[in-house]
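Asker: Once you've looked at the hints, dock chain H against the given chain L.
Each chain, written out:
There are 2 protein chains.
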Amino acid sequence: MKKQQNILIIGAGLCGSLLALRLGQRGYNVSLYEMRPDIRTANISAGRSINLALSDRGIKAMKLAGIEDKVRELCIPMNGRMLHDIEGKMVMAPYSGREHEYINSISRGLLNGLLLNEAEKHDNVKIHFNKKCKSVDFENTTALFKDYKSNTEFVEDADVIIATDGAGSALRKSYYLGKKFLFSFSQEWLSHGYKELSFLPTENGGFKTYKNALHIWGRDSFMLIALPNLDGSFTVTLFLSYEDGEYNFGNLTTEEKVIEFFQKYFKDALELMPNLIEDFFTNPTSPLGTVKCSPWHYKGNTLLMGDAAHAIVPFYGQGMNASFEDVTVFDKVLDEGHEDWETIFKTYEKHRKRDTDAIADLAIDNFHEMKGHVNNAIFREKRNLEMALEKNFPDNYSSKYSLVTFNEDISYHEAMLKGRAQDKAILNMLADKELDLNDDLKTNLEKVKAATQEILDEDRVAKDFKH
Amino acid sequence: MKKQQNILIIGAGLCGSLLALRLGQRGYNVSLYEMRPDIRTANISAGRSINLALSDRGIKAMKLAGIEDKVRELCIPMNGRMLHDIEGKMVMAPYSGREHEYINSISRGLLNGLLLNEAEKHDNVKIHFNKKCKSVDFENTTALFKDYKSNTEFVEDADVIIATDGAGSALRKSYYLGKKFLFSFSQEWLSHGYKELSFLPTENGGFKTYKNALHIWGRDSFMLIALPNLDGSFTVTLFLSYEDGEYNFGNLTTEEKVIEFFQKYFKDALELMPNLIEDFFTNPTSPLGTVKCSPWHYKGNTLLMGDAAHAIVPFYGQGMNASFEDVTVFDKVLDEGHEDWETIFKTYEKHRKRDTDAIADLAIDNFHEMKGHVNNAIFREKRNLEMALEKNFPDNYSSKYSLVTFNEDISYHEAMLKGRAQDKAILNMLADKELDLNDDLKTNLEKVKAATQEILDEDRVAKDFKH
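Residue numbers (our numbering), protein chains in the order written: chain L, 5 to 471; chain H, 5 to 471.
Isolated chain L (complex conformation) (with noise of 0.2 Å):
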């Protein structure tokens, strides 16, 4: 296929930045459009600017793009979750029993920036901002856009058009209100909301509380989480439930309440929250959703990639590395030598449809973990006995959560599928008590395998008869 072809992008969010920069580096030409002004030069005050968590899948992404140094440079490490209690005390419990394995946290703002500069330089991709996407024409490969500088209206045509215009995707709405193709479509929504809130740094431009972890204040039916920034402050975010329990979204209206509700579940953070009441009623509550849909493409013509075609909630930490990695599976089906978009565009989503799938569960299943069983005996046994074999037999055992996210070479599905057995394994041996931690670790390794096996095995055979 021709190189000189023009691709249209829409959405320089971080997945578009990448995308751009990576077709840009393989010769296509390339328009990026941004509705958003430039976040670059954007007045963004710091502090305030949310941070995601990068780890092994974006990597890989950010190697196949030759920014990895860079990249680095804005990363803090977090090799744990530091887990609260009510009473303040803090526990570190660690992401893996290897030592290099950990996650970084990242500004959204600063990752996004090094993207756009990186893309810049190739003198085939152009970048506009300030100008939106309202629909996309898909059967002619167009995309109708507003300039919010000038406050008109334009229509742009490229030979592909690929959105990566986020949750809300101009693309997605135009495949659902067509109505030309039959078009699966989901959105759940959490019965939970989260605001963002924010840890200042010390007067001298330190961290507050530990700065090489994910801090977990999980109190089951809600929960509070930190990441640390590279000024020495912490992005907070309250997960709470729109309307359910003594204390949710929607009765949390009064400064009394806030600070009620804080010094009973979050002491000890508030104690490092002076600027709590401001941040509580200045941010917005924002919903927590899922999106799944089918097909991503039409014909040759378009293409959904990254949250446009599946949204997750946050509490794997995999939304950004996940479209990341949808980059690097692209550029894999591009090296392939398709003939035409469409197969390479089939291709795709064949490949991909069921890993991001499976990432969106594991996401939502990671919720529930993260608010209350970190707290529960029984899930601290698991992981305890986990980290001990990742430590003693690096080579020969990974947890779901090690396999998800520091093992970039299998699949969110298989990880999903293995790490779901493991799981299931470890909970019931250690319920039945088949499991003592205090035997060889060696003997339980082995126990651990052949009951993971067990289970691949027997859901197999059910399986077969279910597809």
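Keep in mind that a hint or two might mislead.
You can't tell identical chains apart in this list, so a pair holds if it fits in one copy or across any two.
No farther apart than 30 Å at their CA atoms in a straight line, the calculated lysine-lysine pairs in the DSS-like style are these [stated by the list, open to error]:
| hint | residue 1 | residue 2 |
| --- | --- | --- |
| 1 | Lys395 | Lys453 |
| 2 | Lys451 | Lys437 |
| 3 | Lys354 | Lys138 |
| 4 | Lys153 | Lys183 |
| 5 | Lys437 | Lys467 |
| 6 | Lys357 | Lys177 |
| 7 | Lys125 | Lys336 |
| 8 | Lys467 | Lys451 |
| 9 | Lys350 | Lys261 |
| 10 | Lys354 | Lys296 |
| 11 | Lys183 | Lys138 |
| 12 | Lys93 | Lys467 |
| 13 | Lys261 | Lys303 |
| 14 | Lys261 | Lys212 |
| 15 | Lys184 | Lys296 |
| 16 | Lys395 | Lys467 |
| 17 | Lys296 | Lys357 |
| 18 | Lys199 | Lys183 |
| 19 | Lys177 | Lys150 |
| 20 | Lys467 | Lys199 |
| 21 | Lys184 | Lys150 |
| 22 | Lys199 | Lys303 |
| 23 | Lys350 | Lys64 |
| 24 | Lys296 | Lys177 |
| 25 | Lys150 | Lys183 |
Worth flagging that the hints you see were computed from the coordinates, not collected in a lab.
Just so we're clear, the structure is a prediction, and the values are computed from it rather than from any experiment.
Answerer: Below, chain H without anything else, positioned relative to chain L:
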């Protein structure tokens, strides 16, 4: 709550008509609006009426409305699946080992007409035809209608509005497009579509093939089925992929190719279908979809029921039965004497949602079972064992099919969990040669029960950590 309340029901199909009848019996003022002409007087040619499978959950609702006897007169019992292999050989596979358990072929039009007749006997029930609901203002509890006769639009208000207007529900669309609350929604299409065909009666009005069965020509990736009608005809349905495989709806475009396809795969059926070509090219090809959503209600103003809330694929023969069961469950909630409609709607959805999700998933599983597994040796061994267990231990064993179809006092969700665990237990024990079909039946019953219980226990331990 006062009985003089005005209830507006949108859609006079099977669910809406039964609901109008039942709410009429309970003394409410009911206005029932339908977009189509009156099905009792509209010209529907005999032999082409669509038929459905009425089973115990549906019959329970008929009993509640006091019309079981009248409905029974419209029924043709089907005692099992008549499996037609590619050579034309037939084998009867019973639905149950208990003789009194069978399903019933019934005409949609005749049953709907009966329900309308019964509803109309109540002075407090008014039915309006040719009036299509375009949208619902769920905050003000009003509905906008178009009158197809006068070609004018008008607005109706009511104390509550219940939408039973099917898979394309106007109320559900208003919920989705209104964006006034977090509305979870999914539509999933199968890659297969369906087309209705027919066996006409013999010249003297008899049945051309065995009357008391649901006939299946399962061919792994596609299938044909036939259900008997009172007039001696059968309604025949072809389920086939739109795009994939050697033959599909996309490429069956000539008479020659259609005949070739039927000659090759459905030879014995073709002999009964001199009218095949006319049917094939006259009747539409329609898609097969599943719709789920939540919440079903908005405050105490509006409620979705039947297919409007949960459209499912037809492969378990449970679409109509599930909608009728909605009315049974709703009626029971009304009996509880709640103070206001919001509590009634919330309670109803809380009871019901898990069950309609379950039957939606079971119906998709059964698609694979019908087109393929019925031909598979191990599947047949499982069914033979289950038939023997049901026959010899009628009070002590029910297959998944029996739990879903003949056990109206067990919820769909419970039937799914138990039925899937039983299937998994039996299939794995057969695959591992842990069940000997020549063994004492009592021994095998106990083995199946023990293995099923173990699966349920292990799933429960693992699931406690997912939610």
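Asker: Cα distance capped at 30 Å. Does Lys354 pair with Lys296 within a copy, between copies, both, or neither?
Answerer: both (14 Å within a copy, 24 Å between copies)
Asker: Classify it for me, Lys350 with Lys261: is the Cα-Cα distance of at most 30 Å met within a copy, between copies, both or neither?
Answerer: Between copies only: 28 Å across chains, 53 Å inside a chain, cut-off 30 Å.
Asker: Regarding Lys199 and Lys183, is the shortest C-alpha distance of 30 Å or less found within a copy, between copies, in both, or in neither?
Answerer: between (36 Å within a copy, 20 Å between copies)
Asker: Within a copy, between copies, both or neither: where do Lys183 and Lys138 come within 30 Å Cα-Cα?
Answerer: So Lys183 and Lys138 pass the 30 Å test inside a copy (17 Å) and across (18 Å) alike.
Asker: Check Lys261 against Lys303 for me: Cα-Cα at most 30 Å, and say if that holds within a copy, between copies, both or neither.
Answerer: between (54 Å within a copy, 26 Å between copies)
Asker: With identical chains treated as interchangeable, where does the CA-CA distance between Lys125 and Lys336 reach 30 Å or less: within a copy, between copies, both, or neither?
Answerer: Answer is within; shortest intra-copy Cα gap is 23 Å, inter-copy 68 Å.
Asker: Regarding Lys177 and Lys150, is the shortest C-alpha distance of 30 Å or less found within a copy, between copies, in both, or in neither?
Answerer: The answer is both: 16 Å in one copy and 27 Å across copies each meet 30 Å.
Asker: Is it within, between, both or neither when you check Lys199 against Lys303 at 30 Å Cα-Cα?
Answerer: So Lys199 and Lys303 pass the 30 Å test across copies only (25 Å; inside, 40 Å).
Asker: Which holds for Lys451 with Lys437 at a C-alpha limit of 30 Å: within a copy, between copies, both or neither?
Answerer: Intra 12 Å, inter 23 Å, cutoff 30 Å: intra and inter.
Asker: Taking 30 Å as the upper bound on the Cα-Cα distance, should Lys395 and Lys467 be classified as within, between, both, or neither?
Answerer: Result: close only across copies, 27 Å inter versus 34 Å intra.
Asker: With identical chains, the pair Lys350 and Lys64 could be close in the same copy or across copies; at 30 Å between alpha carbons, which is it: within, between, both, or neither?
Answerer: Intra 23 Å, inter 47 Å, cutoff 30 Å: intra-copy only.
Asker: Classify it for me, Lys153 with Lys183: is the Cα-Cα distance of at most 30 Å met within a copy, between copies, both or neither?
Answerer: between (32 Å within a copy, 28 Å between copies)
The structure fails none of the hints (numbered hints given earlier).
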